[in-house]
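Line by line, the protein sequences give chains A and B.
In terms of our numbering, the first sequence has 497 at position 497, counting the first letter as 1, and numbering is strictly consecutive.
In terms of our numbering, the second sequence has 22 at position 22, counting the first letter as 1, and numbering is strictly consecutive.
Quick caveat, the hints were computed from the structure, so don't treat them as lab data.
Ideal Cβ placement from N, Cα and C applies to all residues, glycine included.
Heads up, a few of these hints could be off.
Not close to chain A: a few residues of chain B, all C-beta gaps over 10 Å, as computed [stated by the list, open to error]:
| # | residue |
| --- | --- |
| 1 | 32 |
| 2 | 40 |
| 3 | 62 |
| 4 | 220 |
| 5 | 259 |
| 6 | 263 |
| 7 | 292 |
Lysine to aspartate or glutamate pairs mimicking EDC-like chemistry, simulated, CA-CA at most 20 Å apart [as the list claims (entries may be wrong)]:
| # | chain 1 | residue 1 | chain 2 | residue 2 |
| --- | --- | --- | --- | --- |
| 8 | B | 17 | A | 62 |
| 9 | A | 252 | A | 270 |
| 10 | A | 483 | A | 497 |
| 11 | A | 67 | A | 29 |
| 12 | A | 69 | A | 111 |
| 13 | A | 489 | A | 330 |
| 14 | B | 158 | A | 111 |
| 15 | A | 517 | A | 501 |
| 16 | A | 60 | B | 19 |
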Amino acid sequence: MEATPSNLIVEMQGIVKRFPGVLASDHVDFELRPGEIHALLGENGAGKSTLMNVLAGLYKQDAGIIKIKGDPVEFSSPRDAINAGIGMVHQHFMLVPSQTVTENILLGLNDPSFFMRLNEYDTKITKLSDQYGLKVDPRAKIWQLSVGEQQRVELLKMLYRGANVLIMDEPTAVLAPQEIEGLFDTLRAMIAQGKSVIFISHKLQEVTAIADRVTVLRRGRVTASGVSTKGVTRQELARLMVGREVVFFVDKKPKEPGEVILDVKNVHAENDKGLPALRGLSLNVRAGEIVGLAGVAGNGQNVLSEVITGMRKCTQGEVILNGDKVNNRDTLFGIQHGMAYVPEDRTHVGSAPNLSVTDNVIMKKYRKPPISKGSLLDMTAATNFAKELKQAYDIIVPTVNTPVRLLSGGNLQRVILAREISGNPNFMVAVQPTRGLDVGAIEGVHRLLLTQREAGAAVLLISEELEELLSLSDRVYVIYEGKIMGEVKVKSAEPDEHLTEEIGLMMTGTPLEQIHKEGAASHD
Amino acid sequence: MTESALAKKQRMSYRIKIEPRLYEPPAWFPATVSIGAILLALILGGILILIAGGNPWASYVHIAQASFGDIGVLSDTIVKATPILLTALACSIAFRMKLWNIGAEGQFIMGAWGASAVVLTPILPPETSRWLFIPVMVIAGMAMGAIWGFIPGYLKAKFNVNEIISTLMLNYIAVSWVNFWVFAVWTEGGFQMSPKFPLTAWLPRLTDYGKIVPLFRGLTTHGGLVLGILAAIALWFIVYRSRWGYEIRLIGDNARAAQYAGISITRNIVFVMMLSGALAGLGGMSEVTGVIHRLQTTPLAAGYGFTGIIVAWLAKLNPIVIILVSILFGALILAGREIQPSGVPKMIQGIILVCLIASDFLLRYRVRLVRADAEE
Numbered sequence: 001m002e003a004t005p006s007n008l009i010v011e012m013q014g015i016v017k018r019f020p021g022v023l024a025s026d027h028v029d030f031e032l033r034p035g036e037i038h039a040l041l042g043e044n045g046a047g048k049s050t051l052m053n054v055l056a057g058l059y060k061q062d063a064g065i066i067k068i069k070g071d072p073v074e075f076s077s078p079r080d081a082i083n084a085g086i087g088m089v090h091q092h093f094m095l096v097p098s099q100t101v102t103e104n105i106l107l108g109l110n111d112p113s114f115f116m117r118l119n120e121y122d123t124k125i126t127k128l129s130d131q132y133g134l135k136v137d138p139r140a141k142i143w144q145l146s147v148g149e150q151q152r153v154e155l156l157k158m159l160y161r162g163a164n165v166l167i168m169d170e171p172t173a174v175l176a177p178q179e180i181e182g183l184f185d186t187l188r189a190m191i192a193q194g195k196s197v198i199f200i201s202h203k204l205q206e207v208t209a210i211a212d213r214v215t216v217l218r219r220g221r222v223t224a225s226g227v228s229t230k231g232v233t234r235q236e237l238a239r240l241m242v243g244r245e246v247v248f249f250v251d252k253k254p255k256e257p258g259e260v261i262l263d264v265k266n267v268h269a270e271n272d273k274g275l276p277a278l279r280g281l282s283l284n285v286r287a288g289e290i291v292g293l294a295g296v297a298g299n300g301q302n303v304l305s306e307v308i309t310g311m312r313k314c315t316q317g318e319v320i321l322n323g324d325k326v327n328n329r330d331t332l333f334g335i336q337h338g339m340a341y342v343p344e345d346r347t348h349v350g351s352a353p354n355l356s357v358t359d360n361v362i363m364k365k366y367r368k369p370p371i372s373k374g375s376l377l378d379m380t381a382a383t384n385f386a387k388e389l390k391q392a393y394d395i396i397v398p399t400v401n402t403p404v405r406l407l408s409g410g411n412l413q414r415v416i417l418a419r420e421i422s423g424n425p426n427f428m429v430a431v432q433p434t435r436g437l438d439v440g441a442i443e444g445v446h447r448l449l450l451t452q453r454e455a456g457a458a459v460l461l462i463s464e465e466l467e468e469l470l471s472l473s474d475r476v477y478v479i480y481e482g483k484i485m486g487e488v489k490v491k492s493a494e495p496d497e498h499l500t501e502e503i504g505l506m507m508t509g510t511p512l513e514q515i516h517k518e519g520a521a522s523h524d
Numbered sequence: 001m002t003e004s005a006l007a008k009k010q011r012m013s014y015r016i017k018i019e020p021r022l023y024e025p026p027a028w029f030p031a032t033v034s035i036g037a038i039l040l041a042l043i044l045g046g047i048l049i050l051i052a053g054g055n056p057w058a059s060y061v062h063i064a065q066a067s068f069g070d071i072g073v074l075s076d077t078i079v080k081a082t083p084i085l086l087t088a089l090a091c092s093i094a095f096r097m098k099l100w101n102i103g104a105e106g107q108f109i110m111g112a113w114g115a116s117a118v119v120l121t122p123i124l125p126p127e128t129s130r131w132l133f134i135p136v137m138v139i140a141g142m143a144m145g146a147i148w149g150f151i152p153g154y155l156k157a158k159f160n161v162n163e164i165i166s167t168l169m170l171n172y173i174a175v176s177w178v179n180f181w182v183f184a185v186w187t188e189g190g191f192q193m194s195p196k197f198p199l200t201a202w203l204p205r206l207t208d209y210g211k212i213v214p215l216f217r218g219l220t221t222h223g224g225l226v227l228g229i230l231a232a233i234a235l236w237f238i239v240y241r242s243r244w245g246y247e248i249r250l251i252g253d254n255a256r257a258a259q260y261a262g263i264s265i266t267r268n269i270v271f272v273m274m275l276s277g278a279l280a281g282l283g284g285m286s287e288v289t290g291v292i293h294r295l296q297t298t299p300l301a302a303g304y305g306f307t308g309i310i311v312a313w314l315a316k317l318n319p320i321v322i323i324l325v326s327i328l329f330g331a332l333i334l335a336g337r338e339i340q341p342s343g344v345p346k347m348i349q350g351i352i353l354v355c356l357i358a359s360d361f362l363l364r365y366r367v368r369l370v371r372a373d374a375e376e
């Protein structure tokens with residue numbers, strides 16, 4: 001089918017959306033043909049949801065045009081969007097738990113106007129759900145339904161309102177594997193009946209399994225626009241998604257690693273939703289080396305960092321730090337045994353936003369002299385300590401009494417790193433330490449991590465930036481759905497096509513042995 | 001863009017834009033905003049008095065004179081402020097950890113009961129010296145308040161029971177508990193009150209020293225004020241200068257970060273609720289031994305615990321500022337009665353509170369007038 005402007009159902013041209021301090025969509029173009037499943041692929045924070053929230057009328061774009069079937073439209077609310085036939089199923093469902101399926105579907109509609117006449121509408125809903133194979137009991141209360149069923153209710157809500165274009169925001173994130181298959185069947189059924197679907201995801205295997213075409217976003221920009229999933233390999237998509245331009249080289253000195261500091265053995269753990277996030281993961285980090293953990297976001301990286309640092313319990317396996325078991329104890333045990341942690345979420349985990357720089361840097365030191373004086377705090381010592389760190393780590397802030405919420409991302413990260421490094425840790429977990437920082441700040445963070453390595457500490461660097469991992473790490477593990485797909489040694493910081501491709505394949509779910517086997521087979 | 005949309009934009013060439021503050025406002029700014037909010041509240045209150053048929057200016061002058069006009073009424077103001085000061089301190093420490101302790105009222109009443117039990121059981125005989133009586137009563141009052149704080153704290157820490165509901169319900173239990181004792185056990189001749197305490201169990205009052213300092217004659221300001229100010233200073237030290245206070249501030253600002261720093265949140269919930277309860281209990285002890293001099297439900301459960309919530313909030317949880325705000329509220333309660341037993345003075349209190357809380361918005365956001373076409 002040739003795409004002429006007239007047969008496009010949705011056209012978005014030059015969409016720009018800014019949030020304070022972030023350019024979430026940077027002149028993004030997007031097209032949707034009728035009857036296709038179009039995947040929107042990108043990492044967390046790439047701007048997928050923002051773009052679709054604009055299309056669904058939740059946000060107003062700062063610039064750019066949206067056309068529906070060739071006509072320019074301006075949406076000022078989701079109601080306008082649904083009237084134009086565009087419905088979005090959000091990642092977090094918007095349902096009323098104590099009401100029935102039918103009541104939820106009718107919510108906010110003008111008809112029925114006063115008397116609910118539920119029986120009549122129950123029949124209507126049943127008909128609609130049969131038509132699309134969305135099995136759900138219209139009289140059931142939402143709280144009685146599984147997550148998969150609730151998702152079906154959201155879909156029915158949109159179909160009932162006459163949506164022709166369905167936007168699914170990470171629909172598989174909350175589903176179990178069997179449910180994912182069911183969802184895919186539903187999506188195919190809807191396509192067969194002439195609907196179009198936009199499928200937001202960061203999971204490559206799902207995108208290639210379900211979508212006809214794919215648009216890839218990276219940092220608010222389009223890196224691939226509407227390419228057919230038939231003509232593109234997973235590793236190409238992975239590269240488009242995570243990017244591989246090497247911005248700069250770091251000066252990494254060769255160093256022989258020492259003994260094993262951190263040993264993670266066969267760890268199983270669940271995420272917040274109670275689904276398995278780590279499934280028999282093992283890795284180790286030795287003194288004086290940086291070990292990278294590569295992987296697409298949401299494959300268990302965060303859960304792993306929390307299990308290691310004691311913020312989350314694991315269901316099986318153990319984590320050994322310097323010979324001591326640290327898993328399933330409290331965070332204090334790790335802190336007292338020389339563990340430092342640079343969490344991914346700087347504002348919600350790594351710092352207390354309304355407290356001062358001083359209060360934030362003494363977070364792990366206030367229990368010991370000189371800052372602790374019996375049960376009191378020596379505020380002079382604390383202030384001096386904060387001033388020293390401000391000097392040594394180039395934290396740009398008027399005074400150390402300034403609350404850290406007023407700091408820029410780079411400066412806040414420096415506060416966190418200063419605090420963690422000043423404890424002379426023998427092991428450090430750093431999760432996405434450079435996310436959202438500008439180039440200068442990134443370089444500073446990299447230098448600090450390398451200093452740790454030279455000082456003989458073991459560093460586990462969890463990142464989605466492949467170039468960062470390859471330029472800093474001595475070894476790289478690749479995680480996929482809570483398992484390690486393989487481990488590669490990084491010989492030099494120079495870009496290595498072969499290595500990048502191997503990691504890319506592992507990131508998309510191919511174990512290293514299989515890559516080697518296939519590689520050997522193709523050579524024969 | 002269509003022509004009509006452009007025309008619309010040109011017509012509305014200015015609009016109000018509200019944006020979060022990215023820089024801290026200067027130090028004078030918060031105080032100025034608060035004073036401005038109180039002035040606005042007084043103007044609104046004045047309009048209210050006008051509508052009710054009064055003269056606003058005369059009413060405000062009357063309020064000021066009835067609460068600060070001479071040393072006698074000033075002393076009465078302080079007597080009213082003392083229980084509020086202690087309950088406000090109690091609320092402030094719980095609120096700092098985002099524990100919504102609505103139960104200062106109940107903890108206050110239980111504190112009064114605990115202190116009374118020392119006299120009425122009797123744990124100490126009536127002829128005991130004041131120097132022993134008062135410390136024992138302080139300890140008993142604080143202990144009972146702490147128990148009344150421990151219950152919701154433990155339930156919250158262990159079973160995540162909503163502390164707002166549990167503390168609120170415990171208030172009713174506390175009132176009924178005291179009612180039971182004054183009706184059944186410690187009743188004086190069938191009345192709903194206990195016998196009067198012996199003089200040695202009274203907190204010293206200024207008037208007691210009237211023979212030495214003639215100026216103090218008739219002044220009822222009692223030792224509870226000293227207890228309150230000492231408690232405020234101690235609390236300030238705990239919050240801003242102790243390790244425990246640091247943990248409380250960290251949990252209050254970001255519980256995830258506190259967990260990250262290795263701080264036990266559940267243990268702190270229990271301890272902070274106990275401290276909160278103990279402070280309110282001290283307030284009850286001070287009221288029963290300094291003012292009422294007998295255990296009796298009615299003057300005791302006058303809502304000091306609820307006023308404490310407002311005062312703690314208005315003082316932005318700062319213990320030293322709480323001293324000043326509770327004196328202001330003592331004045332409003334005292335002088336308010338001069339105008340009207342209830343009604344207008346309470347409404348003015350409410351208006352002040354709403355204005356002050358709303359003014360907080362200006363500290364966090366900037367309001368700007370921008371040209372509509374200057375969209376960046």
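> So which of those numbered hints doesn't the model satisfy?
Replying inline: Going through the list in order, the structure violates hints 5, 6, 9, 10, 12, 13, 14 and respects the others.
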